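K.L.:
The primary structure of each chain is shown beneath.
Protein chains: 2
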Amino acid sequence: MTKHRTTLKDIAIKLGTSTTTVSKALKDYPDISLATKMAVLKMAKKMNYEPDMRALALKNGKSNIIGVIIPEVAHHFFSNALDGIMKHAEKKGYKIILTSSYNSLKKERKQLKFLFNKKVDGIIVSLANETKKVKHFDILKKYEIPIVMFDKVNESFECSKVSIDDEKSAYVATKFLLDKGCKKIAHIKGPRHPLNSVSRFEGYKKALEEHNVEINPELIKECKEVTIEEGYNFTRELLTQVNKPDGIFAVTDQVGVGAIQAAQSLGIKVPEELKIIGFSDSQIATIIRPNLTTIHQPNFEIGKTAINMLIKEIELLEKVETADFEYEQQILDTYLVEREST
Amino acid sequence: MTKHRTTLKDIAIKLGTSTTTVSKALKDYPDISLATKMAVLKMAKKMNYEPDMRALALKNGKSNIIGVIIPEVAHHFFSNALDGIMKHAEKKGYKIILTSSYNSLKKERKQLKFLFNKKVDGIIVSLANETKKVKHFDILKKYEIPIVMFDKVNESFECSKVSIDDEKSAYVATKFLLDKGCKKIAHIKGPRHPLNSVSRFEGYKKALEEHNVEINPELIKECKEVTIEEGYNFTRELLTQVNKPDGIFAVTDQVGVGAIQAAQSLGIKVPEELKIIGFSDSQIATIIRPNLTTIHQPNFEIGKTAINMLIKEIELLEKVETADFEYEQQILDTYLVEREST
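Read top to bottom, the protein sequences are chains W and P. So the first sequence is residues 127 to 468, counted in this note's numbering. So the second sequence is residues 127 to 468, counted in this note's numbering.
The following block holds chain W by itself, in its conformation from the complex (with noise of 0.2 Å):
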């Protein structure tokens, strides 16, 4: 006797639904709910049911487009990034469906949800600032559809990813600091979310730890947009108190741009007097005068890394019903950039 094979008709049953009802929702008509083609997807699963191979075609289907979820569209890094992503991506057949978390929690679920929805090949996602826990991915790994992160990262979720190391580069800006002599080294810092700006105040700490440099809190600002606006107002009062800092790392160039600003608007010297270094190389640290020193950062790169790593992922899983594979986890090389500001 020949095991039952499970068809169409026994998951309508057990689901309580009819049976063209579940054939659609296999095929993901746009007709059918997206929850009812959850449920029809998960009971398909737990029944073990084998589609014929039509509806395997179909499914098997690529879209040959890949979703992506960034913090922010109109920004320096992602629209550099994204360069990266869409050249590379272009040059082996793939297209974006670009959405945006606005670093919102509620949005960046939304968008993924929407791009589950839409069946992409896989995801590229930099974290929302808000996003602490990533429970929302999981449904990615249930699908088996691949998902690399870059640049705002989270440590614990288990995909490829790609980043820089921040917590070194920051080490490498505040020890240049140092070695060039400061002695009270503020820093302006970013959100207490995502990580990389967190990363980036402990190598602030480590380097200063290091030489035997008390961490002073009064040296300490913490920006929430992170704005030139932001660096400027915060060095204009680190600069009117008692305790002024005679060095400045700044969390990213906007902050460091804002910083020379507020320098010069109290007629204070830079670098003579006050010593600033940024983070990211964007064109205006090259534009502001005195330029300023800061970590080149391979926007560009980042971004074509990602889209590698995902393409290589979903072409592995083509070929391979249960995949061997072993995430990624690729740290660029940062360097520093030595400029006027300091």
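Rather than coming from a laboratory, the hints here were simulated on the basis of the structure. Where hints are given, some of them may not hold.
[Stated by the list, open to error] For lysine to any residue, the following SDA-like pairs were computed, each having C-alpha atoms within a straight-line distance of at most 25 Å:
{"no.": "1", "chain 1": "P", "residue 1": "Lys245", "chain 2": "W", "residue 2": "His262"}
{"no.": "2", "chain 1": "W", "residue 1": "Lys163", "chain 2": "P", "residue 2": "Asp247"}
{"no.": "3", "chain 1": "P", "residue 1": "Lys438", "chain 2": "P", "residue 2": "Val260"}
{"no.": "4", "chain 1": "W", "residue 1": "Lys213", "chain 2": "P", "residue 2": "Leu231"}
Quick caveat: nothing in here was measured; it's all calculated off a predicted structure.
Using the hints, position chain P against chain W.
P.N.:
Frame of chain W; chain P shown alone:
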């Protein structure tokens, strides 16, 4: 006797293919080639084939996806316009597939084909610099897929458009230099395509003519890439020739920033000896010292207006079969921002 109603079989016989292929083509199955799909659609239209309700639901099944084709991704204007497109698409429940022509006509055609094949609900495009004729967009008309052009638009193609008045804005910029007492105004212009750099050149000439200032070819330079470097090099050329300018109208802020840096490299004082005006009001204009006077261009608003026009058209088309739709042409206002460079 009732009139014979065209069936899938009729179409298949005419095309010498199988009913299955015709059915799959009409349902946009991934295993049917684009060429076949288009042949089937064409024949179906010719034979007045009326699909049954289910097929109709599929055909009319909105993707809620809008295709976007921009000439550059990592570019201040486009990333801000894109931000406007995405935020307002989001509000109305649409997502975008982002593609870039990288200023190549060939790639623009390829992207259009892809988006057409993906059945996007509509397309927003800013033309590639290379694009002179836009015959490749005719297919959208044929299949009633709405398209909106923004920024780099084609004058003769009939569709809704949103842009600024480049000629008038350039006229305002040049007239401002004349009113400030400049006698020899140079123009560092953009390439001959797209239209908007040509229009800016027209505005420059118009202002000079109206003020009876002769147009001197020695004072006109033409960029290829429209970068800071080109602005720098052309300005050095202009300032080291016998016939030196006392004012420069730069086609973009990038070129204007290069012009300021070149003047400084030669010890020429801005604005005392040379007045410089840019175009677009990007962040770099506020960072360079002296700050760059410029024409403010509403980047985000341009994107927002384009997406709102497109969604309006998509939703009108849903309601009426043959819409008596009037294309809109919106010209958004620009204004001059006076800063230190003049």
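K.L.:
Compare the structure with each hint and give your call.
P.N.:
Hints versus structure:
Distance restraint check for Lys245(P) and His262(W): the Cα-Cα separation of roughly 29 Å exceeds the 25 Å cut-off, and the hinted pair is therefore not satisfied. Our distance criterion of 25 Å between C-alpha atoms is met by Lys163(W) and Asp247(P), whose separation comes to about 23 Å. With a C-alpha separation of about 23 Å, the suggested pairing of Lys438(P) with Val260(P) holds against the 25 Å cut-off. Annotation: proposed proximity of Lys213(W) to Leu231(P) holds, straight-line Cα distance about 16 Å (limit 25 Å).
Hint compliance for this structure: hint 1 is the single one not met.
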